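Asks: Sequence:
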Amino acid sequence: MDSEAPGRARRLLQQLSESDRPIAVHFHKSRVRGNFTDLTLICEGKRLAVHRLVESFSGEFVMKEDSLLLVEKLIDYLYTTDYEDVVKEIDDHLNESPSILQVNARMFALGDKYDVGGLCDLSAAKYARRLNQPVDGVEYLESVPDVYNLTATVVKPLKHLGPANCVRGFLPRPPNS
Numbered sequence: 001m002d003s004e005a006p007g008r009a010r011r012l013l014q015q016l017s018e019s020d021r022p023i024a025v026h027f028h029k030s031r032v033r034g035n036f037t038d039l040t041l042i043c044e045g046k047r048l049a050v051h052r053l054v055e056s057f058s059g060e061f062v063m064k065e066d067s068l069l070l071v072e073k074l075i076d077y078l079y080t081t082d083y084e085d086v087v088k089e090i091d092d093h094l095n096e097s098p099s100i101l102q103v104n105a106r107m108f109a110l111g112d113k114y115d116v117g118g119l120c121d122l123s124a125a126k127y128a129r130r131l132n133q134p135v136d137g138v139e140y141l142e143s144v145p146d147v148y149n150l151t152a153t154v155v156k157p158l159k160h161l162g163p164a165n166c167v168r169g170f171l172p173r174p175p176n177s
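Here the sequence shown stands for residues 1 to 177, numbered as in the UniProt record's numbering.
Treat the hints with care, since some could be wrong.
[To be verified] Pairs of lysine to any residue, SDA-like flavour, derived with a Cα cap of 25 Å:
id, residue 1, residue 2
1, Lys46, Met63
2, Lys126, Thr80
3, Lys88, Lys126
4, Lys64, Glu89
5, Lys88, Val144
6, Lys113, Leu141
7, Lys126, Glu72
8, Lys46, Lys88
9, Lys29, Glu72
10, Lys64, Glu44
11, Lys64, Gly45
12, Lys113, Thr81
13, Lys64, Thr37
14, Lys46, Ile90
15, Lys113, Tyr77
16, Lys29, Leu48
17, Lys126, Leu141
18, Lys113, Asp136
19, Lys88, Ala152
20, Lys126, Ala152
21, Lys64, Ala128
22, Lys64, Val87
23, Lys46, Asp82
24, Lys126, Asp112
25, Lys64, Ala49
26, Lys29, Leu39
27, Lys113, Leu48
28, Lys126, Leu39
29, Lys113, Pro134
30, Lys46, Asp66
31, Lys126, Leu68
32, Lys88, Gln133
33, Lys126, Val71
34, Lys126, Asn149
35, Lys113, Ala128
36, Lys64, Thr81
37, Lys88, Leu39
38, Lys46, Asn95
39, Lys64, Gln133
These aren't lab readings, by the way, just hints derived from the structure by calculation.
Computed from a predicted model, the values in this text were never measured in an experiment.
Working from the sequences, and respecting the hints, build out all of it.
Replies: Quick look at the structure:
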């Protein structure tokens, strides 16, 4: 796999102007239909047809340690610069239905793993937005292991968000006087 490919893909996405969005939408729809795809990502035994962004001898890239649910969201991001963070189904890889905070923390880790900086930025922003809403303490606490264990120690964007929001969001507010 070409180590420069994620950077090239990110630069290409960043260059899309609003007038280019219809092209991106058409490209995404052609991927969903399986038209003109020339690379297969394999995750949890499922074959995901995409357009080749990297040079590959076999035309396949096996993602054994990644969740299919998250890889599908990664592909959505690569084609549309966004992903849905609400999960209604069980993630077979993890045997759970992750919360919104968990999805965004895991998408951040996936973006970090595959060097997709825009995905890291988006998932950190979505994580922060979710923390600014009324969040169940359990949802927050369940996301903490993902924030601290899925990325390298030096990767800190989500790690800085958590403690401050935890204190602000879960301590009782002083009464208005």
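Asks: If a hint holds in the structure, say so; if it doesn't, say that too.
Replies: Do the hints match the structure? See the list:
1. Restraint check: the Cα-Cα separation between Lys46 and Met63 comes to about 10 Å, which is no more than 25 Å; the hinted pair holds.
2. Between the alpha carbons of Lys126 and Thr80 the distance comes to roughly 16 Å, so the proposed pair stays at or under 25 Å and holds.
3. Restraint check for Lys88 and Lys126: satisfied, since their Cα atoms lie roughly 18 Å apart, inside the 25 Å limit.
4. The hinted pair formed by Lys64 and Glu89 meets the criterion: a straight-line CA distance of about 20 Å does not exceed 25 Å.
5. A distance of roughly 21 Å separates the Cα atoms of Lys88 and Val144; the hinted pair therefore holds under the 25 Å criterion.
6. Note on Lys113 and Leu141: the hinted pairing holds, with a Cα-Cα distance of about 23 Å set against a maximum of 25 Å.
7. Pair hint Lys126 plus Glu72 holds up; C-alpha atoms about 18 Å apart against a cutoff of 25 Å.
8. The straight-line distance between the Cα atoms of Lys46 and Lys88 is roughly 19 Å, inside the 25 Å bound, and the hint therefore holds.
9. Between Lys29 and Glu72 the CA atoms are separated by roughly 14 Å; this keeps the pair inside 25 Å, and the hint holds.
10. Between the alpha carbons of Lys64 and Glu44 the distance comes to roughly 7 Å, so the proposed pair stays at or under 25 Å and holds.
11. Only pairs whose Cα atoms come within 25 Å are accepted, and Lys64 paired with Gly45 is accepted, the gap being roughly 9 Å.
12. The hinted pair formed by Lys113 and Thr81 meets the criterion: a straight-line CA distance of about 17 Å does not exceed 25 Å.
13. Distance hint between Lys64 and Thr37 is fulfilled; the C-alpha atoms sit about 21 Å from each other, no more than 25 Å.
14. Taking the CA atoms of Lys46 and Ile90, the gap is near 16 Å; set against the 25 Å cutoff, the hint holds.
15. At most 25 Å may separate the alpha-carbon atoms for a hinted pair to count; Lys113 and Tyr77 meet this at roughly 15 Å.
16. Between Lys29 and Leu48 the alpha-carbon distance is near 14 Å, which keeps this suggested pair within the 25 Å criterion.
17. In summary, the hint linking Lys126 to Leu141 is supported, as the alpha carbons are separated by about 17 Å, within the 25 Å threshold.
18. About 28 Å separates the Cα atoms of Lys113 and Asp136, which puts this hinted pair outside 25 Å; it is violated.
19. Among the hinted pairs, Lys88 with Ala152 is inconsistent with the structure: their alpha-carbon atoms are about 29 Å apart, more than 25 Å.
20. Among the hinted pairs, Lys126 with Ala152 is consistent with the structure: their alpha-carbon atoms are about 20 Å apart, no more than 25 Å.
21. Annotation: proposed proximity of Lys64 to Ala128 is violated, straight-line Cα distance about 29 Å (limit 25 Å).
22. Restraint check for Lys64 and Val87: the C-alpha separation of about 21 Å stays at or below 25 Å, so the hint holds.
23. Proximity of Lys46 to Asp82 is assessed by CA-CA distance (about 22 Å); at most 25 Å being required, the pair is judged to hold.
24. For the suggested pair Lys126 and Asp112, the alpha carbons sit about 15 Å apart, so the restraint of at most 25 Å is met.
25. For the hint pairing Lys64 with Ala49, the CA-to-CA distance comes to about 16 Å; that is within 25 Å, so the pair holds.
26. A distance of roughly 16 Å separates the Cα atoms of Lys29 and Leu39; the hinted pair therefore holds under the 25 Å criterion.
27. As the CA atoms of Lys113 and Leu48 are separated by approximately 19 Å, the hinted pair is consistent with the 25 Å bound.
28. Between the alpha carbons of Lys126 and Leu39 the distance comes to roughly 29 Å, so the proposed pair goes past 25 Å and is violated.
29. For the hint pairing Lys113 with Pro134, the CA-to-CA distance comes to about 30 Å; that exceeds 25 Å, so the pair is violated.
30. For the hint linking Lys46 to Asp66, the alpha-carbon distance of about 12 Å falls within 25 Å, and the restraint holds.
31. Pair hint Lys126 plus Leu68 holds up; C-alpha atoms about 20 Å apart against a cutoff of 25 Å.
32. Straight-line distance between C-alpha atoms of Lys88 and Gln133 comes to about 20 Å, which keeps the hinted pair within the 25 Å bound.
33. About 17 Å separates the Cα atoms of Lys126 and Val71, which keeps this hinted pair within 25 Å; it holds.
34. Of the pairs offered as hints, the one joining Lys126 and Asn149 holds, with about 19 Å between alpha carbons and a cut-off of 25 Å not exceeded.
35. Of the pairs offered as hints, the one joining Lys113 and Ala128 holds, with about 20 Å between alpha carbons and a cut-off of 25 Å not exceeded.
36. Of the supplied pair hints, the one linking Lys64 and Thr81 holds, its CA atoms being roughly 24 Å apart against a limit of 25 Å.
37. Taking the CA atoms of Lys88 and Leu39, the gap is about 28 Å. The hint is violated against a cut of 25 Å.
38. Distance hint between Lys46 and Asn95 is fulfilled; the C-alpha atoms sit about 17 Å from each other, no more than 25 Å.
39. Using a Cα cut-off of 25 Å, the hinted pair Lys64 and Gln133 is violated, with the two alpha carbons roughly 34 Å apart.
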